[in-house]
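4 protein chains.
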Amino acid sequence: MEAHEELEGEVVDLRDWPLPIFGENFGTLGDIADPTYSTPLVKAWNNKLAEADGYSVLTPEYNHSVPGVLKNAIDSAWLSFALRNKPLATVAYSVGIAAGARAVEHLTAIAVEAEMVPLRNTVLIPFVGHAFTDDAAPASEKTDEALTIALDDLAWWVRTLAKGRADGELPPAPFRRAS
Amino acid sequence: MEAHEELEGEVVDLRDWPLPIFGENFGTLGDIADPTYSTPLVKAWNNKLAEADGYSVLTPEYNHSVPGVLKNAIDSAWLSFALRNKPLATVAYSVGIAAGARAVEHLTAIAVEAEMVPLRNTVLIPFVGHAFTDDAAPASEKTDEALTIALDDLAWWVRTLAKGRADGELPPAPFRRAS
Amino acid sequence: MEAHEELEGEVVDLRDWPLPIFGENFGTLGDIADPTYSTPLVKAWNNKLAEADGYSVLTPEYNHSVPGVLKNAIDSAWLSFALRNKPLATVAYSVGIAAGARAVEHLTAIAVEAEMVPLRNTVLIPFVGHAFTDDAAPASEKTDEALTIALDDLAWWVRTLAKGRADGELPPAPFRRAS
Amino acid sequence: MEAHEELEGEVVDLRDWPLPIFGENFGTLGDIADPTYSTPLVKAWNNKLAEADGYSVLTPEYNHSVPGVLKNAIDSAWLSFALRNKPLATVAYSVGIAAGARAVEHLTAIAVEAEMVPLRNTVLIPFVGHAFTDDAAPASEKTDEALTIALDDLAWWVRTLAKGRADGELPPAPFRRAS
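Protein chains in written order, with my numbering: chain A, 2 to 180; chain B, 2 to 180; chain C, 2 to 180; chain D, 2 to 180.
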């Protein structure tokens, strides 16, 4: 991810996070105020996600959706509310003409459940086999332009929602239910 | 819609807005800084939407999606950016068990393109034929509870995003593109 | 639509079918064995759809979905089961990079409820403003190739499902429910 | 899964199939006419799927979609075309009111890419914590009824598509493209 003057980032590669297949439940959760989960890695993963004020996900499209490993990683952010009230800018690619657009749609639905704000302006890369030069630069100016727009938006939302959270958040819905 | 202490609302019924089938284009738009569209009704519709700081949509589910008339109304909010950076709380219902959940998912995808923030907490009403008492009150306490949660969230987002917009917005993406 | 040796088609343009906003109910339906609906046009529309053994829909993508007018037309095919057990091949386009792929996904969900078979191989056309030559021919060979594949598939499914229907269909689910 | 007179089934539990995170490529595929993949387990999985004439998937809904492990299992059915031209009946459940309906929608999109026929009639189970009796029987008659309808449909489609495949299939699209 290229630099953006207002954003400071850390690359998190799911290959470095061999999360178990999601199977947490209220028995493995531990204390909901500071969950321990079934393994320390799941806890570390939730902590890692909680550090950020916003997210940019880079994903391929497999079978009109996100890869299972990405879905599993998001499912593993369970009841820590680490992603809540934070924005998401997506960069997606596919080997064909659909440009990862269908993976973005599924990620949008998933993100809303996690109370993220999935942003309109995404980076869509079709025919990924031909999308980069030998120097790993985007072959199309449109890709660069889309990335600039997406990151500028991400910065606005990071700022706006950090203020909103600082002004006080509502408890997550499960804590507002009688039953 | 029941009262919420922080929210002041106006009910807009699409039956009162006989919008034409969407067919606007750059020829009918007029001045993009103050579009006139193909008919004054489309302009009035965009103006009406622009007045609000947030939205609550009440919709049935037809064929796993929103009704055509609702989609047409959202499509008619074209290039006025009336809905941009504003939250959306959805109340959906269906005659069957799916509770309008699939209409919400489609509306989520549509809303993101309009740069709305579709909120996680919705009101889902299954078996709508049995969902209300003879006095038009929700038959299930869950419905009331879900509505309270959704409106509290809507109020938080209205406040947070009004501040964000007041602090300055980025131009919409079309104005940030070279081409 | 270009010719396919095995398929005989009729172009149905929604501009020629000024269907009312869908608002049918059991009161307007008439006899469910031969519905009359609220107006003869809705009945004619259901009859027109029933004539075909398969469908190819050509649609733009508006706000990540199908246009309201297309959704309304499909919703108007109500309880006639005209589309049931028949295949659907979709051609979609958009002004941007997403190539109509998101409209196809929504149409897929909608089609499944109507008991159509939405086919995998579609024709996706990005940047539609540049997608055709002055002679109205596709500017990209990929478009032609995709159309050939989609129509060949459609022909296979028309044949396969016509046989299946001729061998005897199950009653639609509403007629198989006790309640 | 309860018995259906026309269907003979085998329960495949993903917990018994510790598939690697999908990362196959043309280098690991081996001979496309008889792929060997990166490990024998992936080959065995593709062979197992190929044995069936239709599928019934039982899935929870996590974050408005299918679990990562299910997505990974479907992605692992890669270029063997094991699922092609076969029907899919889905049973979904969730802890809340949405009844798994959103998982079904994502599975529908995924299934279409695999050239399955996702069937309209599904079994949706809301509030799964209260959906079964102590004897593991469905607490609601609607669940039983929906299962009967779904399996009857599955049987019709298994029959119809087995005939269609026996009469001759088209090659998958990748083999029909010049490029």
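Careful, some of the hints might be misleading.
Below, in silico cross-link-like pairs of lysine-lysine (BS3-like), each with a Cα-Cα straight-line distance of 25 Å or less [what the hints assert, rightly or not]: (1) A:49 to A:164; (2) A:164 to B:49; (3) B:143 to B:49; (4) B:143 to D:143; (5) D:164 to C:164; (6) D:49 to D:143; (7) C:49 to C:164; (8) A:143 to C:143.
Everything labelled a hint here was simulated from the structure, so no lab data went into it.
Structure-based check of each hint:
For the hint linking residue 49 of chain A to residue 164 of chain A, the alpha-carbon distance of about 21 Å falls within 25 Å, and the restraint holds. Between residue 164 of chain A and residue 49 of chain B the CA atoms are separated by roughly 29 Å; this puts the pair beyond 25 Å, and the hint is violated. Between residue 143 of chain B and residue 49 of chain B the CA atoms are separated by roughly 32 Å; this puts the pair beyond 25 Å, and the hint is violated. The straight-line distance between the Cα atoms of residue 143 of chain B and residue 143 of chain D is roughly 21 Å, inside the 25 Å bound, and the hint therefore holds.
This hinted pair checks out: residue 164 of chain D and residue 164 of chain C have alpha carbons roughly 9 Å apart, not beyond 25 Å. Simply put, residue 49 of chain D and residue 143 of chain D have alpha-carbon atoms about 32 Å apart, too far for the 25 Å limit, and the pair is violated. For the suggested pair residue 49 of chain C and residue 164 of chain C, the alpha carbons sit about 21 Å apart, so the restraint of at most 25 Å is met. For the hint pairing residue 143 of chain A with residue 143 of chain C, the CA-to-CA distance comes to about 21 Å; that is within 25 Å, so the pair holds.
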